[in-house]
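Chemist: Residues per chain are reported as follows:
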Amino acid sequence: MSDSLLSVEHLSTCFDGPRGRAMAVDGISFDIRKGETFALLGESGCGKSVTSLSLMRLVPEPAGRILSGRVLLGGQDLMLLPERAMRKIRGRRIAMIFQEPMTSLNPVLTIGDQIAEGVRIHLDLRGAAARRKVLELLDAVGIPDPEQRIDEYPHQLSGGMKQRVMIAIALSGEPELLIADEPTTALDVTIQAQVLALLRDLQARTGMAILLITHDLGVVAEMADRVGVMYAGQLVEIADREPFFAQPAHPYSRKLFESLPNIEKRDTALATIPGSVPSLTKAFSGCRFADRCAFAWTHCREVVPDWTDVGDGQRARCHLLELRFAARERAEPILPAGTHQSAALHRGRLLEVNDLKVHFPIQRGLFQRTVGHVYAVDGVDLKLDRGRTLALVGESGCGKTTIGKAILQLIRPTAGEVLFEGDDLTRLHGETLRRRRDAFQIIFQDPFSSMNPRMRVHEIIEEGMVALNIERDVQRRLERVRQLLSQVGLPEDAGDRYPHEFSGGQRQRICIARALAVSPRLLVCDEPTSALDISVQAQILNLLKDLQGDMGLSYLFITHNLSVVAYLADEVAVMYLGRIVERGTTREVLHEARHPYTRALLSAIPEIDGAGEEARAVIRLQGDLPSPSAPPVGCHFHTRCPEAMPRCKEAYPGVSRFSVSHEARCFLYEQGRDDDNEG
Amino acid sequence: MMLPVILWTDQLVFVLVAIVTLLAFYARNRPHLRAPWRAVLERPMGAVTLLVLGVYVAIALLDSLHFRLPVKPAPDAPNQETHYSVDVQSVLDLVLTPIRAHDEKTYSAPFATRLFVQESTVDADGNERRVYPRLQYGGAHLDDESARWSDIGRRTGEGMLYAGAIWVVAVLLLLLVLARRWARGPGEIFSDMSSGRLRHPWRSVLVTLFLLLAVIAMLAELAPYYHVFGTDKVGQDVLFQALKSIRTALLIGTLTTLIMLPFAILMGIMAGYLRGIVDDLIQYLYTTLNSIPGVLLIASAILLLQVYIDGHPEMFDTDAARADLRLLFLCMILGVTNWTGLCRLLRGETLKLSSLSYVEAAVAFGVRPARIMLRHLLPNVMHIVLISVVLDFSGLVLAEAVLSYVGVGVDPNMYSWGNMINSARLEMAREPMVWWSLAAAFVLMFALVLAANLFSDVVRDVFDPRRGKG
Amino acid sequence: MFAYILRRTLYAIPILIGVNLITFVLFFVVNTPDDMARMHLGMKRVTPEAITQWKVEHGYDKPLLINDAATGLDKLTDTVFFEKSVRLFVFDFGSSDDGRSIGEDIRQRMWPSLAIALPVFLVGLLVTITVALMIVFLHATYIDLLAVVTLVVLMSISGLFYIIGGQFLFGKVLHLVPVSGYDGGFNAIKFVILPVLIGVVSGIGSGGRWYRTIFLEEMGKDYVRTARAKGIGERIVLFRHVLKNAMIPILTGVVVVIPTLFMGSLIMESFFAVPGLGSYTIDAIHAQDFAVVRAMVFLGSMLYVLGLLLTDLSYTFVDPRVRLS
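Chains as they are written, first to last, in the working numbering: chain A, 301 to 979; chain B, 5 to 474; chain C, -13 to 311.
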């Protein structure tokens, strides 16, 4: 291809570990054209990040090694260059930004120094000229006040700002190709929208190509010109964006789409991919996806599929396509999509939270006097009925996790009441509170840190029963553990094993079983799927939905992911800086959002219709979330609100009602009635 | 009949052995506990150093079985009540009898047949002459002193031969056992072993085993006839002293830890988990203790102990008991100065763990704090405890030498490398120099500390999750 | 910032009080002045009169904590505790058993101590960090492996052997420097060289290994990857990025010992017959002069606490996260 910028041929990279050699990247080939965005899409552990490091020859040695393959940049094979010459490529012709802006910047150098380094090496600018260039770069990546920021240290910047600095560093060499390795995964959705827009904007201005590495189909839809799907160290499909989103060819790609939750799938089970990604240490004989594929037959397990062209520049490695099978027709119902009845078995109020406040003191000075508070949760009301799901939505730092923990009394609230089945939990202490703990349980975000690695699974599940004296008989307890394990879809012998033997999704199942062991009525789910891959997320969501149907559980579902909310929740409450700005039924909030913040949040989510951002009216929020220790006077949101009015700066708006269930706190809708002044 | 004597430190040694055995049994059925140890043994360095340390431990254990021999009653004694010698001996003393009993008059060089200093004798003609007299034991079996080196060579050869024979038998036994267990041919296993195809580094282990056997066998052959490391001022065999010092060194290295461990763990976890006032108090305690210069604290404490011991001579029936109390006390005071480091580490790690969701989950289940600390925190900080125990060991062995040198270590009459070096300091000033005490102490101490350091490297690599990669 | 420093300074006070109480209990409660007198007089010649006499001579004849005989404030001040322990806070160390002023001795003897300890510290730090950097630069090569084994071997040798070996080699065999002794002024140099050399060499093993670990840990951090992705050479990555970050953990371990350098080294000074505070302490231990030992314990603690304070301060210099919060 004449307009090809970078061409990767049969690249293989391995890692030597205690379990043998893992082929993290196993013979992948693709091209990136000048000025285009090529997205590498895949779930965790599929080798996409290793691919990017291999292109830069930055694979951490000696554990990792590039085994073979060519990487041609403008006809020059990077793999053959001496290290010294390779350094002239890095930063100059290919630049890179990483997933974790928090740790990717050197904490003891000013951001100006760190950007200037690249400027010095690649553009040979020094002194005042270098500083001018750095200021220019800071300005180009949209950092306000570059003159002042240039001498600041990374810890003084927010996550989004740090990622902008990373981009400025990458731009300092005016590269032809920018590798962006999950550039927005660690960021909030509104910040993600800013960063993605910045990348697109810079691409338009400089004409650089972008290799975008991501697990997020939405980001791909928004950014990519072409897509490569990776699975277990190999590319399984390469296509232009439109055909890919219209008709993914590989069964794996299709599954990824089907397992995405959204509001239309509410009443059905999500499609899932059974099993988990195979270990890359073993040798493969056939198609790597065969063990998890609904269409696989013996041929798939024996012969490695070759590329098949399906037209429109779309190619995939699948035997189905080779056979010109009517694959697309067969693709429809994969699992019996069991319909969920929304269990309204026993109604009635389970939980009522009134004016809940959690303030953390800030101590300063000689005698550690309290000089202020972090208003993590600042006057929140919630209501949750039996058998229902209330979703609490907001960006990181808005206080949603604190609410969950304060309800369970894991953090003692500063003020307010938590009425659970009529009793105010905040007034319970010691043994009386301990005895009630069987009724409300929690599932945590990170399935890896939520189980003691030194305990067997059955010990983990039993712990609550033992502590709360629920089942004294050892035999019956073990019987119950077996029953719980099968209820969450794990083999019965799982009890004798240790957590590290399970994958992330299986661990989350164990956590659910552990919570269910004490038969709770309320389950606080704190981002239970955000650490999981899409296909595994679907499994967990299905499970949660089933359990609610069977047992009439109530969920307080804390999340930042609105598509999960759309699929699972009955009601939604949107939080901003410790307060709830809008609440209503899921349909009301998602389809008739009133509060500008809710609308901005909704519009910031990349959509996977393949149309890109141009097709939607995006409300882009400026700046970052203010600090909860000094929330803005007046409406907390006015600093970022596109529709802010003068009065927004003066008082906190009261409640405006739109229906029995739908309300928001915004002056846009306030008709001057019942002004409750509590700003 | 002999009278068993269980010294204070012996009791603690037995406790330690019991604890290690129990832990080993506990770990047997728990893969996550067994796996890292297996990984340690799969590394050549880990397996080899463990073997070397094993030899030291065996010697120290033999030296910890104490007893007193009965004194032969005078024939005309009126009653038949047996009296016991005030001399406390150990099984190691019995094993080493041929060396122990061979006391010369004063210094003699390694493998010498004559004393290091001249003596005046009166010869047959009645003239007084200064000569180097023949040793009473060293090379005494030789009629012709010039045959000494050939005799030594022959005995060395014999030692090697014995070592070879024992080694071959041991390897054969091992092969048979493995062959039964794995249901494979012994020859096949041997070829796998020698080409390093098995999981465990058998080749390195067997080579080390042979070297150790060779050293032991050669010493066993030579030591009864020569003073391999010479004799000291009072004519005692230096090899014997150096071997007896092993127990002292090992005891200081392990008992100190054993004594301080409960405090360090309890305080560290409590400070990290309970926070607040408990944390403040514990932090205050260890900062204060830490701020007192260690050597001075030990010096003061030992001086004060000595005042006490001197003031109460009636409490100790034997010299060994007195020396033993001082050793125990030294371990304790070393523990006091040493626990702070581990305590701080554990506090930090506990702080980190406390914010993990499995601890929070346990709180959500109403699990009581004591149980959370025991079930959730303790097992997850044990790797830090283990690493620090192994790391501290060699430091403590070295510290013993320094403290004994300063005069605040073990009892001056106790066998220890520190005491040997201390006395060697004066001997170094002699012309010609008496260097062998120092050399003996150096060789044995260096081998122990090096093995311990290399072993601790392996343990740290395997147990520390952060060092797992790279 | 200022409040932070002041708070840390105030925190030192309860620690010093604690040290004072511990030493008081150790020296006067566990063993009473009577025991001390008895020990000094020797067991045989002990008469109650002699004990009283000794106590009066050395100022131990007062009650320990509360003097019932005195009136007013003297009830508290006219006691052993006040005379011997509280006075330490104003650097009044009293006099040693042979009647010399301890404060005067300390002032005189700290210079020879410093003359050895300071060069050992500075040169040692420089050499070990350089060694560690070189090893890290050659990471994952055979030289790295060899160097690490060498370091372990070096640190497995007792410090005593370094001294004895050094004295033997340079003093006795090569006759390059005097085996031991000390002199004032510029003459001190020839006496100082050998102890400094030995001090530096004996520290390479453990120090080099520790720094290597710190450097390697930093090398694995994300910002190093960023720096490499910029196209920076390995040397600059090491010196500009890694070294600066590694200074933070290095300082924790290093700054705290700076004040205690005044105390000198017990072993080194006694081997080389240097009239510093180290040998002063050892002599006191051998002579069982509790007054001196007590003074040195308090002085050592004070210097250590000062070291902690300096550590806190040094953070503010190297770590912008501390400086700017």
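Be aware that a few hints might be false.
[Claimed, not checked] For the chain A half of the interface with chain B, some residues (derived, Cβ under 10 Å), not all of them:
hint : residue
1    : L733
2    : R734
3    : R735
4    : Q741
5    : I743
6    : M751
7    : R754
8    : V766
9    : L768
10   : E771
11   : R772
12   : V774
13   : H800
14   : G804
Everything labelled a hint here was simulated from the structure, so no lab data went into it.
Glycine is no exception: its CB is placed at the ideal position from the N, C-alpha and C atoms.
Chemist: Can the hint on V774 of chain A be confirmed by a CB-to-CB distance to chain B that is less than 10 Å?
Modeler: With Cβ-Cβ at 17 Å, over 10 Å, it is violated.
Chemist: Regarding the hint that V766 of chain A lies at the interface with chain B, is the smallest CB-CB distance below 10 Å?
Modeler: OK, holds: V766 of chain A within 10 Å of chain B, min 8 Å.
Chemist: Go through the hint on G804 of chain A and say holds or violated, using the shortest Cβ distance to chain B against 10 Å.
Modeler: Hint on G804 of chain A: violated, closest Cβ of chain B at ~14 Å, above 10 Å.
Chemist: Can we keep the I743 of chain A interface hint, with Cβ of chain B closer than 10 Å?
Modeler: holds (9 Å)
Chemist: Have a go at the H800 of chain A hint: is there a Cβ in chain B nearer than 10 Å to its own Cβ?
Modeler: holds (8 Å)
Chemist: Holds or violated: the hint that R772 of chain A contacts chain B, with Cβ atoms closer than 10 Å.
Modeler: For R772 of chain A, the interface hint is violated, since the closest Cβ of chain B sits about 16 Å away, which is over 10 Å.
Chemist: Taking the closest Cβ pair, is R735 of chain A under 10 Å from chain B?
Modeler: holds (7 Å)
Chemist: Can the hint on L768 of chain A be confirmed by a CB-to-CB distance to chain B that is less than 10 Å?
Modeler: holds (6 Å)
Chemist: E771 of chain A was flagged as interface toward chain B. Is the shortest Cβ-Cβ separation under 10 Å?
Modeler: Check failed: Cβ of E771 of chain A comes no nearer than 13 Å to chain B, outside 10 Å.
Chemist: Does the interface hint hold: is R754 of chain A within less than 10 Å of chain B, judged Cβ to Cβ?
Modeler: holds (4 Å)
Chemist: Does Q741 of chain A pass the interface check with chain B, least Cβ-Cβ distance below 10 Å?
Modeler: holds (6 Å)
Chemist: Mind checking the CB of M751 of chain A against every CB in chain B and telling me if the closest is under 10 Å?
Modeler: holds (5 Å)
Hint violations for this structure: numbers 10, 11, 12, 14, all remaining hints satisfied.
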